[in-house]
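Please construct the entire structure, taking both the sequences and the accompanying hints into account.
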Amino acid sequence: MPNKQGHETSSVFVALVGRPNVGKSSLTNQLVGEKVAIVTNKPQTTRSRITGVITKGSVQYVLMDTPGIHLPRNKLDARMTQTAAASVKDVDVTVMLFEPAGTFTESEQTMMDALRKSGPALAVINKVDTLRGFEELEARRQEIARLGIFEEVLTVSAKDGTGCDALLEKLKTYATPGPHYFDDDAFTDMPEKELVAELIREKLLLFMREEIPHGVAVTVQSFKERPDRDLVDISVEICCERKNHKGMIIGKNGQMLKKIATAARLDCEELLGVQVNLQCWVKVREGWRDNERLLDDLGFAKP
Numbered sequence: 001m002p003n004k005q006g007h008e009t010s011s012v013f014v015a016l017v018g019r020p021n022v023g024k025s026s027l028t029n030q031l032v033g034e035k036v037a038i039v040t041n042k043p044q045t046t047r048s049r050i051t052g053v054i055t056k057g058s059v060q061y062v063l064m065d066t067p068g069i070h071l072p073r074n075k076l077d078a079r080m081t082q083t084a085a086a087s088v089k090d091v092d093v094t095v096m097l098f099e100p101a102g103t104f105t106e107s108e109q110t111m112m113d114a115l116r117k118s119g120p121a122l123a124v125i126n127k128v129d130t131l132r133g134f135e136e137l138e139a140r141r142q143e144i145a146r147l148g149i150f151e152e153v154l155t156v157s158a159k160d161g162t163g164c165d166a167l168l169e170k171l172k173t174y175a176t177p178g179p180h181y182f183d184d185d186a187f188t189d190m191p192e193k194e195l196v197a198e199l200i201r202e203k204l205l206l207f208m209r210e211e212i213p214h215g216v217a218v219t220v221q222s223f224k225e226r227p228d229r230d231l232v233d234i235s236v237e238i239c240c241e242r243k244n245h246k247g248m249i250i251g252k253n254g255q256m257l258k259k260i261a262t263a264a265r266l267d268c269e270e271l272l273g274v275q276v277n278l279q280c281w282v283k284v285r286e287g288w289r290d291n292e293r294l295l296d297d298l299g300f301a302k303p
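Every letter in the sequence shown is one number past the one before it in our numbering, and letter 231, counting from 1, is 231.
Hint data in this document are derived by calculation from the structure and do not stem from the laboratory. Mixed in with the good hints there might be a few duds.
Taking lysine-lysine pairs in the BS3-like style, the calculated list, with each CA pair at most 30 Å apart, reads [what the hints assert, rightly or not]:
| no. | residue 1 | residue 2 |
| --- | --- | --- |
| 1 | K117 | K193 |
| 2 | K170 | K159 |
| 3 | K172 | K224 |
| 4 | K193 | K224 |
| 5 | K172 | K56 |
| 6 | K170 | K127 |
| 7 | K259 | K243 |
| 8 | K283 | K259 |
| 9 | K246 | K258 |
| 10 | K159 | K35 |
| 11 | K283 | K224 |
| 12 | K193 | K258 |
| 13 | K193 | K56 |
| 14 | K170 | K259 |
| 15 | K283 | K246 |
For clarity, every value in this text was computed on a predicted model and none was experimentally measured.
Shown next, in the form of structure tokens:
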């Protein structure tokens, strides 16, 4: 299908999979050039399939940043793992990210077994900026190539962008002719409300201790633009599993919640391009990660 310039348009759908913390969200953001996925140094940051969109000339790339593959400990984990597994079934190519060194985890082995039976897949070694020499990288490349699963083994640094142009060029070879599914200036299919919720959850992950963040969910209760000025009023519920977690999120004299909300508000203003009045409320919902009804209520759709 010709685009406005008269060229044939094409699209390529790509699933990004890999172990937690391997850099899927960072790579999505680097390729898209916008922050569509939250990034922290804690595993299991991504909980749902986030779509990043890149349009370069006649080719549109649709990236699905999936949750990190890991052994599920509760019903939320199970939904996340199912989401990652389902993603590889409806794409043109799967990109599996790997650490530059170390043994393969059990969950990585499971994903690679699934890829043997699915469509084409590429391996991408991330974090090459952390390696000291070429020999180390070449040994890792050979180790992955010997598996016989991947059509090519590429190397990138999601941190500084090294290798990203070459990755896009390779992904272009899997594009199929047809119309672009998104506007050419779109960078994600996530509604603004979801992006706002993710930005707030990112700040919770950054500022809180290890045991709390994965027991929290963030939902936007109201999102209203004021008719008389460039200002959006946003009310958000932070759901946690225990009363003592609520106290820790709020903090002494409300200081922790204020810190989280202030940092999130600045990111929201950058995202939306207007002033934001952000109100955050903390609510306890015990055991929500193992409650199917609450998972539905909080927006964790079954894949």
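Comparing the hints with the structure gives:
no. : hint        : verdict
1   : K117 x K193 : violated (37 Å)
2   : K170 x K159 : holds (20 Å)
3   : K172 x K224 : violated (40 Å)
4   : K193 x K224 : holds (10 Å)
5   : K172 x K56  : holds (10 Å)
6   : K170 x K127 : holds (19 Å)
7   : K259 x K243 : holds (20 Å)
8   : K283 x K259 : holds (18 Å)
9   : K246 x K258 : holds (14 Å)
10  : K159 x K35  : holds (13 Å)
11  : K283 x K224 : holds (22 Å)
12  : K193 x K258 : holds (20 Å)
13  : K193 x K56  : holds (27 Å)
14  : K170 x K259 : violated (42 Å)
15  : K283 x K246 : holds (7 Å)
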